[in-house]
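Protein chains in written order, with the working numbering: chain A, 80 to 509; chain B, 834 to 978.
Just so you know, these hints were derived from the structure itself, not from any lab.
Check the hints yourself; a few may be wrong.
List time: in silico DSSO-like cross-link candidates among lysine-lysine, alpha-carbon distance up to 30 Å [said to hold, decoys possible]: (1) B:K935 - A:K102; (2) B:K935 - B:K878; (3) A:K446 - A:K435; (4) B:K860 - A:K375; (5) A:K254 - B:K860.
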Amino acid sequence: MKTIEVSALARVEGEGGLYIGVKDNQVVEIRLDIYEPPRFFEGFLVGRFLQEVPDITARICGICPVAYQMSSVAALEKALGVEVGPQTYALRRLMYCGEYIESHALHIYLLQAPDLLGQPSALDLAAIAPDVVRNALRMKKIGNEILKAIGGRSVHPVNACVGGFYRWPDSSSLKALLPELEWGLEAAKETVRWSLTLPYPDLEIDYEFVAIHHPEEYGVMRGDVISSTGKKTSVADYEMRYFEEHVQRSNALHGHTANGGTYLVGPLARLNLNHAQLLPAAQAALSEAKLNLPLKNPYKSLIARAIELVNFYEESIQLINNYLPAGPAHAALVLKAGEGCGMSEAPRGLLYHRYKIDEQGKVTFAKIVPPTAQNLPRIEADLMVLAPKLIDMQQDLATITAEHLVRSYDPCISCATHFLNLRVENINGV
Amino acid sequence: MRGDDAAGLEVVRLWQERYLSSADRVKVEFSELPGLALLDSLAGKDAAILVDAVHSSASVGTVLRLGADELASFTPETAPSHGWGLAETLRFGFSIYPWLGKCRITLIGIVGGDFGLGARISPEVAIAISKAGEMVEREIQALNN
Numbered sequence: 080m081k082t083i084e085v086s087a088l089a090r091v092e093g094e095g096g097l098y099i100g101v102k103d104n105q106v107v108e109i110r111l112d113i114y115e116p117p118r119f120f121e122g123f124l125v126g127r128f129l130q131e132v133p134d135i136t137a138r139i140c141g142i143c144p145v146a147y148q149m150s151s152v153a154a155l156e157k158a159l160g161v162e163v164g165p166q167t168y169a170l171r172r173l174m175y176c177g178e179y180i181e182s183h184a185l186h187i188y189l190l191q192a193p194d195l196l197g198q199p200s201a202l203d204l205a206a207i208a209p210d211v212v213r214n215a216l217r218m219k220k221i222g223n224e225i226l227k228a229i230g231g232r233s234v235h236p237v238n239a240c241v242g243g244f245y246r247w248p249d250s251s252s253l254k255a256l257l258p259e260l261e262w263g264l265e266a267a268k269e270t271v272r273w274s275l276t277l278p279y280p281d282l283e284i285d286y287e288f289v290a291i292h293h294p295e296e297y298g299v300m301r302g303d304v305i306s307s308t309g310k311k312t313s314v315a316d317y318e319m320r321y322f323e324e325h326v327q328r329s330n331a332l333h334g335h336t337a338n339g340g341t342y343l344v345g346p347l348a349r350l351n352l353n354h355a356q357l358l359p360a361a362q363a364a365l366s367e368a369k370l371n372l373p374l375k376n377p378y379k380s381l382i383a384r385a386i387e388l389v390n391f392y393e394e395s396i397q398l399i400n401n402y403l404p405a406g407p408a409h410a411a412l413v414l415k416a417g418e419g420c421g422m423s424e425a426p427r428g429l430l431y432h433r434y435k436i437d438e439q440g441k442v443t444f445a446k447i448v449p450p451t452a453q454n455l456p457r458i459e460a461d462l463m464v465l466a467p468k469l470i471d472m473q474q475d476l477a478t479i480t481a482e483h484l485v486r487s488y489d490p491c492i493s494c495a496t497h498f499l500n501l502r503v504e505n506i507n508g509v
Numbered sequence: 834m835r836g837d838d839a840a841g842l843e844v845v846r847l848w849q850e851r852y853l854s855s856a857d858r859v860k861v862e863f864s865e866l867p868g869l870a871l872l873d874s875l876a877g878k879d880a881a882i883l884v885d886a887v888h889s890s891a892s893v894g895t896v897l898r899l900g901a902d903e904l905a906s907f908t909p910e911t912a913p914s915h916g917w918g919l920a921e922t923l924r925f926g927f928s929i930y931p932w933l934g935k936c937r938i939t940l941i942g943i944v945g946g947d948f949g950l951g952a953r954i955s956p957e958v959a960i961a962i963s964k965a966g967e968m969v970e971r972e973i974q975a976l977n978n
């Protein structure tokens, strides 16, 4: 009997457990067990005043706090019937650009590239390619600086609020970022070229891709939810088409389509569905790459992230050059009971929030669906495709191979270097 | 929000209140989950004193003084953002930034016990905060001499 017993640990950002059940030399079951703190947040948001929600939910993640802030303000503004003006929207986009830049630079170079280059960690990659890693950190830092300029600090930035921002950031502090952003744009173009040279494992899967889509901009904060199957769903109807299911064997909620299928959110979905809305420099990078879209290899999400990096550097420069704050930084709020849902594209994919509030603006209900939860069934299904190879491997190699696949999704569980505990059980008992 | 993970913040706040004259001459940065951004904070500095909760086999509330090269023996105290805890970040920084080797880095670590979400600082750690604040001040005085 080939059994390695390892329990799943309780850190979303840290660790997961993988179980493979083998019977008659066939993989019959595969499970990725994750504990999920956002469920906890939904509980303690009840009773909080609505203006606390953006800063509380930002603490669900240290890498994508802006995503939580933006989805939450969208939902609460819907509940109050508030519409923000174009300058507020533009500044929110800029804040999101900062988050995409720092998240994607980190993931491309320090989380996934070491896997593809046969290096155990970013530390080992730094030993053989210090210039590459230094450039990566410089790229990441620019994203952090945007968040700091707008939100006061790069981790869990403050300033975003329901109705807009607590104050307009100083124009000079944003314009001071332009030289580094110009450098970053060129570095991002090089990142795309470099990403095309990496040795990606062969794995092609027919996904149902799902992402926010807007006809006039690369979908991040407004638009409808579209699927590669042709379905189009308004944000208000999202819960009628995409469900969350509590999986008994773990605390994770898993996302499914209404007909029980899996779907994929994240950079592959966004690029495949929204490449026509990329800005010119990103379009040029995509064209130069000569990619066959849609990309269906989960490992090649790295390439999609690289192209998005070009896009968000370019957008940052445009937004800063056009930044002209005027009038109050936030709309006046008239409190009333209501309900609203909001959605945005976190770097990892769709992030959905729904809130009910009472006439005093206190939250009475909160629902948060993070992208990792939506992708979990798809990750398991992809591991099932890989599993026949895994069971023939030595334990260490099988663990690394499975980790590489999971890490290509950039889920919040992929943070630790050795995050995956692999258990293979031969159900025959032999 | 995470129990003993607040130890570092509490130590520095107490130090700022108690040692005003030192506090005026030292740049203080509060960073929750700094990750790799810690390296940006250290850029251009001759010396840095990092104050943080740590995980250790020593009893809860023990206050430790560590040099940068001793940090590898301490595991991350909570779930650091994408695995970039203090030890990992410094090791990484030393490998790519030659200037980091010239910065005198000292960690004042308070051994924590309960890092649970929503937990309060444990009594043993609460007692240790004052001692840790004194150690911070001694480090600053030593740097000035």
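Do the hints match the structure? See the list:
1. B:K935 - A:K102: Not OK: B:K935 and A:K102 at ~58 Å, beyond 30 Å, violated.
2. B:K935 - B:K878: holds, 9 Å
3. A:K446 - A:K435: It holds: about 9 Å lies between the C-alpha atoms, which stays within 30 Å.
4. B:K860 - A:K375: violated, 49 Å
5. A:K254 - B:K860: Answer holds: A:K254 to B:K860 is near 26 Å, not above 30 Å.
In the structure shown, a violation is registered for the earlier hints numbered 1, 4, in ascending order.
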